[in-house]
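A.B. asks: Throw the hints in and build the complete structure from the sequences for me.
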Amino acid sequence: MISDQQIADFQRDGAVVVRGVFKDWVDVMSDGIERNMREPGEYASENAVTQGRFFDDYCNWQRIPEFERVIRDSPAAELAARAMVSDTAQIFHDHVLVKEPGTPKPTPWHQDSPYYFVEGSQTVSLWIPLDPVREASLRFIAGSHKWDRMVRPVSWADNSDFYASEDQWIDVPNPADDDVLEWPMEPGDAVLFDFRTAHGARGNEAASRRRALSLRFVGDDARFVERPGRTSPPFPGHGMKAGDKLREDWFPVVYTG
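Position one of the sequence shown corresponds to residue 1 (UniProt numbering), numbered consecutively onward.
Derived by calculation from the structure, the hints in this document are not laboratory data. Incorrect hints may appear among the rest.
[Claimed, not checked] Pair ranges (Cβ atoms, derived): (1) 155 / 63: 23 to 29 Å; (2) 3 / 243: 30 to 36 Å; (3) 256 / 157: 21 to 27 Å; (4) 205 / 256: 31 to 37 Å; (5) 38 / 102: 17 to 23 Å; (6) 3 / 42: 17 to 23 Å; (7) 249 / 170: 31 to 37 Å.
Model, not experiment: these values are computed from the prediction. Every residue gets a Cβ at the ideal spot worked out from N, C-alpha and C, and that includes glycine.
C.D. replies: Right, dumping it as structure tokens:
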């Protein structure tokens, strides 16, 4: 699934692409995304686009059977553990992103970690496209997972601050071309990236839609951290305290090496 060199690349750059790992799961994931779009969850969003459509939704794997199958039965969890160099892989959440044709709105540069209530050096998102990816590709700033300070989290709808706090965030530096990683991809390929890796995506000006399923996992050293406001996802009523491992009844360990 992933070579030693690819693991080293992931650890160095914070992002790596693997080819064809999910080719036998594309139909299952496609069915799950269609079900999710027919039956949106409480966190579904249209992202305030004025042209086209940019749908996203998360935290649905426990009610969308296709997503649960992928999380529990596909190579996803083992792949995550190997990339993180972790003995375990614990599911954090799923995330569906769909940019329809003619949707010029980009996904702004950001890091996922500031939006989440978990921190650690062993985290990974698997971004799995279900359509060929060309013009609307996901982009990463190599090495940004090692920055000393995190990028200011903002609302995608209006670019306002996500938290009402005076934390010492930074703005996204203008990356040099040589620091930006992106890959053309086929359905069933996957990009793996650290929660701390700065990333964004182009708008979809192509004639075809771009659907992706993202699965987020944490490893052995991940711990709950307090944020200065409601996180995304929020998981209300979780009852965890700073320094706790994520509770396994809500976030199951789905792989043990």
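A.B. asks: Take the hints in turn and mark each one as holding or not.
C.D. replies: Here is what the structure says about each hint:
no.	hint	result
1	155 / 63: 23 to 29 Å	26 Å, holds
2	3 / 243: 30 to 36 Å	35 Å, holds
3	256 / 157: 21 to 27 Å	39 Å, violated
4	205 / 256: 31 to 37 Å	44 Å, violated
5	38 / 102: 17 to 23 Å	22 Å, holds
6	3 / 42: 17 to 23 Å	40 Å, violated
7	249 / 170: 31 to 37 Å	36 Å, holds
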